[in-house]
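Got chain X sorted already, so can you dock chain Y onto it with the hints?
Going down the list, the protein sequences come from chains X and Y.
Per UniProt numbering, the first sequence starts with residue 1, numbered consecutively.
Per UniProt numbering, the second sequence starts with residue 1, numbered consecutively.
Among the clues, some could well be false.
Intra- or inter-copy, both count: the list cannot distinguish identical chains.
Computed list of lysine-lysine pairs in DSSO-like fashion (alpha-carbon distance at most 27 angstroms, straight line) [to be verified]: (1) K211 - K121; (2) K44 - K58; (3) K297 - K207; (4) K249 - K157; (5) K95 - K212; (6) K336 - K121; (7) K274 - K209; (8) K297 - K349; (9) K347 - K211; (10) K274 - K95; (11) K207 - K274; (12) K268 - K336; (13) K349 - K211; (14) K211 - K297; (15) K297 - K336; (16) K207 - K46; (17) K274 - K336; (18) K209 - K297.
If you're looking for bench data, these hints aren't it; they were derived computationally from the structure.
2 protein chains.
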Amino acid sequence: MNGKTQTRRDFIKNSAIIGAGLVFYKPTDILANDKGIIMNKNLKVKGYAAFDESGVIKPWEFERRPVGDNDVLIEIKYASICHSDIHQEKGDWGKQQYPQVPGHEIVGIVTKVGKNVTKFKVGDRAGVGCMVDGCTECENEEQYQPDTLFTYGYPDKRDPTGITQGGYSTHIVVRDHFVVHIPENISFQEAAPLLCAGITTYSPLMKAKFKKGDKVGVAGIGGLGHMAVKLAASMGAEVYAFTTSADKKDDILGFGAKEVIVVDSSEKLAPYAKTLDYMISTIPAQFDVAAYAATVKPYGFFTQVGMPKGFELTLSNIGFAANRVNFNASLIGGMKETQEVVDYCAKNKIYPQIEIIDAEEITQAWQNVIDKKARYRYVIDSATI
Amino acid sequence: MNGKTQTRRDFIKNSAIIGAGLVFYKPTDILANDKGIIMNKNLKVKGYAAFDESGVIKPWEFERRPVGDNDVLIEIKYASICHSDIHQEKGDWGKQQYPQVPGHEIVGIVTKVGKNVTKFKVGDRAGVGCMVDGCTECENEEQYQPDTLFTYGYPDKRDPTGITQGGYSTHIVVRDHFVVHIPENISFQEAAPLLCAGITTYSPLMKAKFKKGDKVGVAGIGGLGHMAVKLAASMGAEVYAFTTSADKKDDILGFGAKEVIVVDSSEKLAPYAKTLDYMISTIPAQFDVAAYAATVKPYGFFTQVGMPKGFELTLSNIGFAANRVNFNASLIGGMKETQEVVDYCAKNKIYPQIEIIDAEEITQAWQNVIDKKARYRYVIDSATI
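The shape of chain X in the complex, shown without the other chains (with noise of 0.2 angstroms):
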């Protein structure tokens, strides 16, 4: 895993090479080794894992599937923990196969294209999410085909663990559709959060179509929130934020709200009551969601994106039919949407407030995410795998 690459032409050249050990292999079994020799074998890599329920992470060296015809093989050079690698390697969302490499926020640059890849070349600096295999022709929400390979956890016969492996890792192997381009006027580590944070709030709010001056609230400011303001202020929204964590005050003044709510107890919503165009929730737990939503206008919407446990949230009927605003739920975004939201953060230079740390230190860092602490995104620096 050099950087060096396989053209068709190279294959078949090199197939001659070792000759006749290689006929009960399909093409694209067949890949370059460390060492640049071809050979037909997985790659080895190492990560991160998580063994049990318990959210302790630890080193794990395992293999992933060869690059296939449609492939591109990523150096990862950081990944950042969401709040989600934290709910599936615990069991919040069903019964997991460990060990299992968490991380879906990865970027990198690709040292190797199967022979179908246009849209990369070894070298590209790129970015990979949620997914990695699945629909190409589905314009924009593949997120929501029944095909789709999410990136760690994920059954997939192809992989030598027989689950996808994400991102708390050296490399990654990824379809082509689902990796993305970052541009040069972002650095790798603040691109990162991008790809779930950034794409998971962007995604509703250019859905939400508010105008310019229009009252956004978004509720919950980790790492989710803290991108959900800084896009929707970047946006001309007047942003009103919601948090539990009083101390977080200054700093989401600085993501460019206009106003911070420190929400102690649901009484404090009241004075905001139907004052608001539309509402984001980022708030991962169970929580009084009707309440949250009467700030909004009636008729008006209000987007959940944050995951709780089991993936339910229980809300009262009545206080909807009170507050009469639309809930919704979103799921990340499409992959043409993702190009874009990555696009916009490095032209309007809307950087994700981010903390380095080592492989280390990722069992702590999930204690901090879960305790409130983490300022906004903790983002593994690969070199330390």
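Frame of chain X; chain Y shown alone:
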């Protein structure tokens, strides 16, 4: 309560008869009693009440507040049974004060009006729904105001029992603004269910603004649902009715549904995924909301009007992310709309399918509603109270 009324002039004239004894009372406290003699006392009436959470309804004699200057006294002819009556009296929505007379689908004849009342005169055919007092200038949104007085079980200092008492009774006193006219061309018994089942489905159907030929889903075909089918069909929708009761199929086709889907498992919903332009659910219990909503086209709307136990619904957030449908809830409708639905049904001959019962059959009728045996609205003949 013999139907005699009292004008302001009558009051002044009559109050002179009994003289000084009245000076301790405000004019609004003073009324004609059964004998037509001016008195300051409450009204003795009969009703059927819940005495505890058992779901057993028994006869009860009680007193209602005097008819105020802005009030109307109605001699009740019929009152129909709504699933809400059962939920509330059984304590599903919180602890209740007993005895409590339920019933908020009420029709009868005006037998007295307060001195300020111009909207009604004695002898008028009148209807009362879920509200009996509150804001009179709220532009058709009376049901959402903080001071709304709902028809039964709500604290009211003026009421001798301390709470409002509903329509399973011989008479009721209601603020004029919360009374609607019942046109001559609809029977009392067929008009009764319009006051809750009718308005609760009519209001969101009108707000949904579907076009002729649009596909409208109705989930839960009971008292509310069968009205939703009739109303939506009358407005030109192609109606898809979803029921758990296979034996309702022929009835529902008769109500105007294009297709009836018997949902004995959530899988039965799958073939309808993303096909409907709108869906209204009247299901008054926990159900798989996201799976039903998934029958609506992405970015369409799903309205919940059934009120489950505890007023709470648990929904799959990831299901809503995947279906991209907007969830909202709706509570009855405003007074302007309530008059509208009664007039609309009378004019277009849209009548609920009813079964008339005697008051002593209420307890059994409630059990039938719970057991999904009602076809489709029980209407109590108030002469049997």
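From the Cα coordinates, with 27 angstroms as the cut-off, is the pair K297 and K207 best called within, between, both, or neither? Both ways: K297 and K207 sit 17 angstroms apart in one copy and 16 angstroms across, limit 27 angstroms.
If the cutoff is 27 angstroms on CA atoms, where do K209 and K297 land: within, between, both or neither? Let me know, please. both (15 angstroms within a copy, 19 angstroms between copies)
Please sort K297 with K349 into within, between, both or neither, judging by C-alpha distance up to 27 angstroms. neither (31 angstroms within a copy, 37 angstroms between copies)
Within a copy, between copies, both or neither: which one fits K211 and K121 at a CA-CA cutoff of 27 angstroms? neither (39 angstroms within a copy, 51 angstroms between copies)
Is it within, between, both, or neither for K95 and K212, if the alpha carbons may be no more than 27 angstroms apart? neither (44 angstroms within a copy, 47 angstroms between copies)
For the identical chains here, do K347 and K211 meet the 27 angstroms Cα criterion within one copy, between copies, both, or neither? within (21 angstroms within a copy, 43 angstroms between copies)
Homomeric proximity label, K336 with K121: Cα distance no greater than 27 angstroms: within (19 angstroms within a copy, 66 angstroms between copies)
27 angstroms Cα cut-off: does K297 pair with K336 within a copy, between copies, both or neither? between (31 angstroms within a copy, 22 angstroms between copies)
Within, between, both or neither, where K211 and K297 count as close if Cα-Cα is 27 angstroms or less: both (15 angstroms within a copy, 26 angstroms between copies)
Using 27 angstroms as the alpha carbon limit, work out where K349 and K211 are close: within a copy, between copies, both or neither. within (21 angstroms within a copy, 45 angstroms between copies)
Have a look at K274 and K336 and pick one of within, between, both or neither, based on CA distance no larger than 27 angstroms. This pair counts as between: shortest inter-copy Cα distance 23 angstroms, intra-copy 34 angstroms.
Have a look at K44 and K58 and pick one of within, between, both or neither, based on CA distance no larger than 27 angstroms. Result: close within a single copy only, 17 angstroms intra versus 77 angstroms inter.
Going down the numbered hints, you'll see the structure goes against 1, 4, 5, 8, 10, 12, 16, while the others check out.
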